[in-house]
Amino acid sequence: MFALVDCNNFYASCERLFQPEFRGKPVVVLSNNDGCVIARSQEAKDLGVHMGTPWHLVDAAIRDQVKAFSSNYTLYADMSARVMNNLARFTPNVEIYSIDECFLSLTGFSNLESYGNQMRQQIIRNTGIPVSVGVAPSKTLAKLANRMAKNFNGLCVLETPEKIDLAVKDFKVEEIWGIGRQYAKKLPSFGILTAHDLRSQPLEWVQEKLTIQGVRMWYELHGKSCIQLASMTERKQGIRSSRSFGKLTGDYTFLEEATVAYCTRVSEKLRKDKSCATLLSIRLLTNIHRPETTQYTNSVAITLPHPTNNILELVKHAVRGLKSIFKPSYLYLKVEVYATGLIPEREVQLNLFSNYDGKRKNEVSELMDRLNNYYGKGTLILAAEGFEKKWSMRRNFLSPPYTTEWDAILRVR
DNA sequence: TCTGGGGTCCTAGGACCC
DNA sequence: TCTGGGGTCCTAGGACCC
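For the first sequence, position 20 (counting from the first letter as 1) is numbered 1105 according to this note's numbering, and the numbering increases by one without interruption.
Note that these hints are calculated values from the structure, not bench results. No experiment lies behind these values; they were computed from the predicted model shown. Every residue gets a Cβ at the ideal spot worked out from N, C-alpha and C, and that includes glycine. Mixed in with the good hints, there may be bad ones.
Unchecked claim - Here are the computed lysine to any residue pairs in the SDA-like style, where the Cα-Cα straight-line distance is at most 25 Å: (1) K1462 - Q1434; (2) K1248 - N1093; (3) K1257 - F1275; (4) K1235 - Q1207; (5) K1354 - H1281; (6) K1357 - E1247; (7) K1401 - T1363; (8) K1354 - R1431; (9) K1254 - Q1267; (10) K1321 - N1178; (11) K1321 - P1390; (12) K1357 - Q1267; (13) K1235 - G1213; (14) K1475 - F1275; (15) K1354 - E1398; (16) K1152 - W1140; (17) K1332 - G1120; (18) K1248 - N1238; (19) K1401 - P1429; (20) K1354 - K1254.
To be verified - Label-pair distances were calculated between CB atoms; the ranges are: (21) S1477 - R1108: 46 to 56 Å; (22) F1472 - P1177: 19 to 29 Å; (23) E1490 - P1287: 53 to 63 Å; (24) S1316 - T1245: 25 to 35 Å; (25) G1193 - N1481: 23 to 33 Å; (26) K1354 - V1300: 27 to 37 Å; (27) R1405 - Q1203: 53 to 63 Å; (28) K1110 - Y1381: 40 to 50 Å.
All chains, full assembly: derive it from the sequences and hints.
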């Protein structure tokens, strides 16, 4: 048996936790650059604010009634860690699936109904974050149960075949975990509208139309688990940093400074994961939301002479890559830095044809990590990143990082 | 004026091997 | 007129997730 625990309206819940005057009020959280709505409190949903809509396109009369926040990932990441730590007390086997979701293996546990309720109570008491719990014999059904829990009292346990039959009967096919926009468009033309319809098709048909992933989904909907809990120790396959700028630009220096900053981020993440990259990709994009302007997008993949997470080396290659794809006379929106072909730091093999001897220490990177961890992010940066940060995001409605900085800690009078 | 970021897995097709 | 068979590896693109 699996449980899926999902934080309700997570980002909005985090913001409200520290500004309780917004409890019971419509609250939204915006994406980077205050672009789209990415989280909504129930009251905001009730006002008809949709997920993913650009904030500036929301009706002004509605905007006036809603409290908007810029996304504050420092806060959300810390709150997420608290929730996950609490969940880990319920079973040794957990998979942190996303910032606000966690799968738990409950095989061998009994009284699932009351155990699920205990989880909900303990999480809200210890962290202040409300969660919903779905329990079922497969991950796909646990997701489905979780969705149903949101419409009940926050808990849904699908233990018996009868309960599962009943649950899939009216469950919309497009809401199944693994059915995205494309399949949601296609399936109704075959008369498939519900999870029950999909699972009633012959397996061969599903294999043909939805390939191997559909086959797994089919078994899972029948209560046969075939997607295991992912191990939390696995190495990532790629690490990316990409961000839209606060404004469009054609200025090469601007782009280079942003590339250096994003590349710095990537190298930090690599070192944190104790990984080295063998391939570094740089991608440059104009604003696709403005089809009337001339568009240009290009990317370059650089095979590194030897696997590395050294900031100076990565930046050198990143800048060279950027130069090779930059074209003047376009207005750019975004640059992406993507490291792939990751291998463990300690298994790096040397290259016969590079003069790198493996002994040179990663001193600059290590010093930067040490100072930036101790004194706070951005204490020591490469000069090539620039000091103006012209590329930084718009975040006009940012709340303080209440739980991670002494200066921001909440005062109680 | 203003439209996110960071991941995963699978398949097809091309280049290459003997 | 007629031009093999059985592989591997890599990449791009498309689907999905939160």
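Going down the list of hints, with the structure as the test:
| no. | hint | result |
| --- | --- | --- |
| 1 | K1462 - Q1434 | violated, 31 Å |
| 2 | K1248 - N1093 | holds, 24 Å |
| 3 | K1257 - F1275 | holds, 14 Å |
| 4 | K1235 - Q1207 | holds, 18 Å |
| 5 | K1354 - H1281 | violated, 43 Å |
| 6 | K1357 - E1247 | violated, 47 Å |
| 7 | K1401 - T1363 | holds, 14 Å |
| 8 | K1354 - R1431 | holds, 16 Å |
| 9 | K1254 - Q1267 | holds, 22 Å |
| 10 | K1321 - N1178 | holds, 19 Å |
| 11 | K1321 - P1390 | holds, 21 Å |
| 12 | K1357 - Q1267 | violated, 36 Å |
| 13 | K1235 - G1213 | holds, 17 Å |
| 14 | K1475 - F1275 | violated, 51 Å |
| 15 | K1354 - E1398 | holds, 15 Å |
| 16 | K1152 - W1140 | holds, 12 Å |
| 17 | K1332 - G1120 | holds, 12 Å |
| 18 | K1248 - N1238 | holds, 17 Å |
| 19 | K1401 - P1429 | holds, 22 Å |
| 20 | K1354 - K1254 | violated, 44 Å |
| 21 | S1477 - R1108: 46 to 56 Å | violated, 32 Å |
| 22 | F1472 - P1177: 19 to 29 Å | violated, 48 Å |
| 23 | E1490 - P1287: 53 to 63 Å | holds, 58 Å |
| 24 | S1316 - T1245: 25 to 35 Å | holds, 30 Å |
| 25 | G1193 - N1481: 23 to 33 Å | violated, 50 Å |
| 26 | K1354 - V1300: 27 to 37 Å | holds, 34 Å |
| 27 | R1405 - Q1203: 53 to 63 Å | holds, 56 Å |
| 28 | K1110 - Y1381: 40 to 50 Å | holds, 44 Å |
In summary, the structure is inconsistent with hints 1, 5, 6, 12, 14, 20, 21, 22, 25 from the numbered list given earlier, while agreeing with the others.
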